[in-house]
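Participant: Sequence:
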Amino acid sequence: MGQTLPLSLYPEWVRICVYCSASEEIDDKYVELAGALGEAIAKRGWSLVWGGGQISMMGAVSRACREAGGRTVGVIPKKLADIEFADHHADELHIVDDMRVRKALMDDFSDAFITLPGGAGTMEEFFEIWVGKTLGFSKKPLIILDPTDFYGPLSRFLTHLESEKFVKPHQLEALIWTKTIDEALDACIKKI
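Numbering follows this note's numbering, in which position 51 of the sequence shown is assigned residue number 723; successive positions increment by one, without gaps.
Take these hints with a grain of salt, some might be off.
[As the list claims (entries may be wrong)] Restraint ranges, calculated between C-beta atoms of paired labels, are given here:
| # | residue 1 | residue 2 | range |
| --- | --- | --- | --- |
| 1 | E697 | L765 | 22 to 28 Å |
| 2 | K715 | E764 | 31 to 37 Å |
| 3 | G741 | L765 | 15 to 21 Å |
| 4 | H761 | R828 | 36 to 42 Å |
| 5 | P841 | E696 | 36 to 42 Å |
| 6 | E739 | K837 | 21 to 27 Å |
Quick caveat, the hints were computed from the structure, so don't treat them as lab data. Beta carbons: idealized from backbone N, C-alpha and C, even for Gly.
Model the full structure from these sequences, guided by the hints.
Facilitator: Written as structure tokens, this is what we have:
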């Protein structure tokens, strides 16, 4: 069973990787969620690691974090730098060769992961970290922040995989499902 450390006992350099969408066609509620998360990360004195884009949810999470005094570290492939409009206001912006390098650096730079609503890219990032966790390559917390039940179908599908014996119970237990930003951030410092 996990134990939450008092924030005053935890290092200020906690680095939270946020996976989220760069789509400009999504509902504003998702962009607002990303912004609120970015602000909350900064208010805890933590740093944000994200995909380095400045549009949609990606832009909202990074801008809000910086505006609240937080540090931002972006990682974006060269090919996407113009599409997702690389955020040159980041405290650190790493422009890399491809998606594999991007994901590896985001993992290396992070202490915990929060998955917000997103599309194929978000799912790819989420699944890669989850598989790595279940195989023992990482002990970093992997949190799904889902206040609107966006990921309800995914949760049911993962439960179906378990019932059909494609995944083991411990693999599902590696995921931390949360409904609020505070729950998600508290889970980032929980010992698992």
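Participant: Do the Cβ positions of H761 and R828 conform to the proposed distance bound of 36 to 42 Å?
Facilitator: With a Cβ separation near 39 Å, H761 and R828 satisfy 36 to 42 Å, so the hint holds.
Participant: I want to verify a distance hint. Is the separation of the beta carbons of G741 and L765 within 15 to 21 Å?
Facilitator: Holds, since G741 and L765 (Cβ atoms, about 18 Å apart) stay within the stated range.
Participant: Between P841 and E696, is the Cβ distance one that fits in 36 to 42 Å?
Facilitator: holds, 39 Å
Participant: Regarding E739 and K837, is the given constraint of 21 to 27 Å on their beta-carbon distance met?
Facilitator: violated, 48 Å
Participant: Indicate whether the distance between the beta carbons of E697 and L765 respects the range 22 to 28 Å.
Facilitator: Since E697 and L765 have Cβ atoms about 25 Å apart, the given range 22 to 28 Å holds.
Participant: Between K715 and E764, is the Cβ distance one that fits in 31 to 37 Å?
Facilitator: Given a distance of about 20 Å, which is not inside 31 to 37 Å, the answer is violated.
Of the hints listed earlier, those the structure fails to meet are numbers 2 and 6, in rising order.
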